[in-house]
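Engineer: Can you make the complete structure from the sequences, with help from the hints?
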Amino acid sequence: MIQIPDSSTLPGGPMAGSETRRQAILEGMVRVVGRKGYKATSVADVIEEANVSRTTFYKHFEDKQECFLAAYDLVVERVLGEVIGSCDPGEPWLERVRAGLATVVEMFALDPELARTAIVEVAAAGADARRRHWDAITRVTEFLADGEELAEGRELPANIGLMAAGAVSGLIFDELLTGRAERLPELLPDLLFALLVPYIGPGAATEEMRRAAAG
Amino acid sequence: MERSREGGRWRPPRGRHRLPPEVVARSQRERLLDAAVRVVAEKGYGAMTIGDLTREAGVSRTTFYELFEDREQCFLSAYDNAVEALVRRVTAAYEAAGEWPERAAAGLATLLEALAEEPDLARLSLVDIGAAGPAAQRRYRAAVQRLTPLFEEGRDYAVGGRALPANTSRMAIGGVTGLISDELVAGRAERLPDLLSDVFFATLVPYIGPDAAAREVERLTR
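Sequence order for the protein chains is S and V.
In terms of numbering that gives the first Met the number 0, the first sequence has 19 at position 20, counting the first letter as 1, and numbering is strictly consecutive.
In terms of numbering that gives the first Met the number 0, the second sequence has 11 at position 12, counting the first letter as 1, and numbering is strictly consecutive.
Treat the hints as calculated values from the structure; they're not laboratory data.
Don't take every hint at face value.
[Said to hold, decoys possible] Quick list of in silico lysine to any residue cross-link-like pairs, SDA-like style, CA-CA up to 25 Å: (1) K63(S) x D51(V); (2) K38(S) x R137(V); (3) K35(S) x R138(V); (4) K63(S) x L75(V); (5) K35(S) x P184(S); (6) K38(S) x P133(V); (7) K42(V) x D119(V); (8) K42(V) x D62(S); (9) K63(S) x Q72(V); (10) K38(S) x G159(V); (11) K35(S) x D62(S); (12) K38(S) x E71(V); (13) K58(S) x E48(S); (14) K38(S) x S76(V); (15) K42(V) x E65(S); (16) K38(S) x A134(V); (17) K63(S) x S59(V); (18) K63(S) x E71(V); (19) K38(S) x A69(S); (20) K35(S) x T48(V); (21) K63(S) x R77(S); (22) K58(S) x R21(S); (23) K42(V) x V42(S); (24) K58(S) x A46(V); (25) K35(S) x A141(V); (26) K63(S) x A134(V); (27) K42(V) x S41(S); (28) K42(V) x L68(S); (29) K42(V) x P11(V); (30) K38(S) x E68(V); (31) K38(S) x R60(V); (32) K35(S) x S196(V); (33) K35(S) x T53(V); (34) K35(S) x E71(V); (35) K42(V) x T53(V); (36) K38(S) x R37(V); (37) K38(S) x R87(V); (38) K42(V) x A39(S); (39) K42(V) x R28(V); (40) K63(S) x G50(V).
Structural biologist: Take a look at the structure:
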């Protein structure tokens, strides 16, 4: 859940209250879209979830789409923050990738509404949202760029990270579409295979997959 | 469908004529489906109205409701048509081409070409579909799965292919659609055919690994 600071502890003044309400609206957007889908979500739904007035909503956002974009940005920062936080830079690349993927899977399994908003509904919210989604995926794939160390001199395609990320997000998308975010941890070995195979090939990726399934 | 509004699609003469009603209805239906593709490409699914469709297609609102329940149904029908045509064309190229992996390369080349020829349809099939709600999202997934045979043969081709994860073909498809969507979202549909080496690599790599995949790409797409 995105933390909403208790307004009594904030350093004070109407600006702090305004920021709290903005956060509440963004959180509300994530919750409602994650439950009903972007198409079926209305501003009325969001303000009810966030417990703010319509006036307050329109003070912060021009419309549903603008609010969604801001909420999505917040989701991306939150997920990336957790992933980066979970990875020990001292560990080998394979271990860092495994830890990062496990973090994403756990976040999504524990918060299916977050997962649906981040992976499925973002595709529904217009061209700007889709571009941000691909930007976010690109940032994640940069995180994978170190995998090229393992290439040992062979030349990998420039957008190999995008292939790997596309493979992983496709599997997660399918699982979420059938409404089974809670089962994502079971999919972790397959996700790991999908992510690693373009870098290390099916033999080694199968080995990592088995270790993940056993561990 | 790069037709001008006047040219291209046949329409029956205005006013009284002796054409059977089902011929007229079919033409009107097709014009509405074409209109859906153009309007969604222009303003997105969310902003598309029935008024947009009837204006673009040159039919009355009454006629629209005779043919479709609502705009979602019209859009989904356009989507089904687009996918059917695409899958048929790709499958034909694939089946004509001998063995895997040549077959996969032929299918992929045709896929990229077909999408580049009709950028509005390409975006509809791969990108805009997400906006039309859960029913549409499930259709997208079903459409993607129809391409599975292109990839699944890799399991027989690869040494140890039988031991690969059950959803390996879904991984390959995800890699390919990821690359294609990237170009479409950036408005670069005309560059899709240039992706052939990369989508072919993405197809092969889960089955035969990066070294062998790079060799096959070199051999078949030079």
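Engineer: Quick one, are K42(V) and A39(S) close enough, alpha carbons at most 25 Å?
Structural biologist: 19 Å, holds
Engineer: For a C-alpha distance cap of 25 Å, please report whether K42(V) and T53(V) respect it.
Structural biologist: Since the Cα atoms of K42(V) and T53(V) sit roughly 15 Å apart, the hinted pair holds (cutoff 25 Å).
Engineer: Need the status of pair K58(S), A46(V): alpha-carbon distance at most 25 Å?
Structural biologist: 23 Å, holds
Engineer: Does L68(S) lie within 25 Å of K42(V) when you go C-alpha to C-alpha?
Structural biologist: 18 Å, holds
Engineer: So if I understand the rule, the pair passes when the alpha-carbon distance is 25 Å or less; does K63(S) with R77(S) pass?
Structural biologist: Given pair K63(S), R77(S) holds - Cα atoms ~21 Å apart, limit 25 Å.
Engineer: Sort out whether R138(V) lies within 25 Å of K35(S), counting only the CA atoms.
Structural biologist: The given pair, whose Cα atoms are some 18 Å apart, holds under the 25 Å limit.
Engineer: When you check the alpha-carbon spacing of K63(S) and E71(V), does it fall within 25 Å?
Structural biologist: This hinted pair holds, its Cα atoms lying about 20 Å apart.
Engineer: Holds or violated: are the alpha carbons of K63(S) and G50(V) at most 25 Å from each other?
Structural biologist: Since the Cα atoms of K63(S) and G50(V) sit roughly 23 Å apart, the hinted pair holds (cutoff 25 Å).
Engineer: Would the hint linking K63(S) and D51(V) be met if the CA-CA limit is 25 Å?
Structural biologist: 22 Å, holds
Engineer: Holds or violated: K38(S) with A134(V), Cα cutoff 25 Å?
Structural biologist: 11 Å, holds
Engineer: Against the 25 Å threshold, does the CA-CA distance of K63(S) and L75(V) hold or violate the hint?
Structural biologist: 24 Å, holds
Engineer: Is the hinted pair K38(S) and E71(V) satisfied, with a Cα-Cα distance of at most 25 Å?
Structural biologist: At roughly 11 Å apart (the allowed maximum being 25 Å), E71(V) and K38(S) satisfy the hint.
Figure legend: structure checked against the earlier numbered hints; hints not met, in rising order: 10, 17, 29, 32, 33 and 37.
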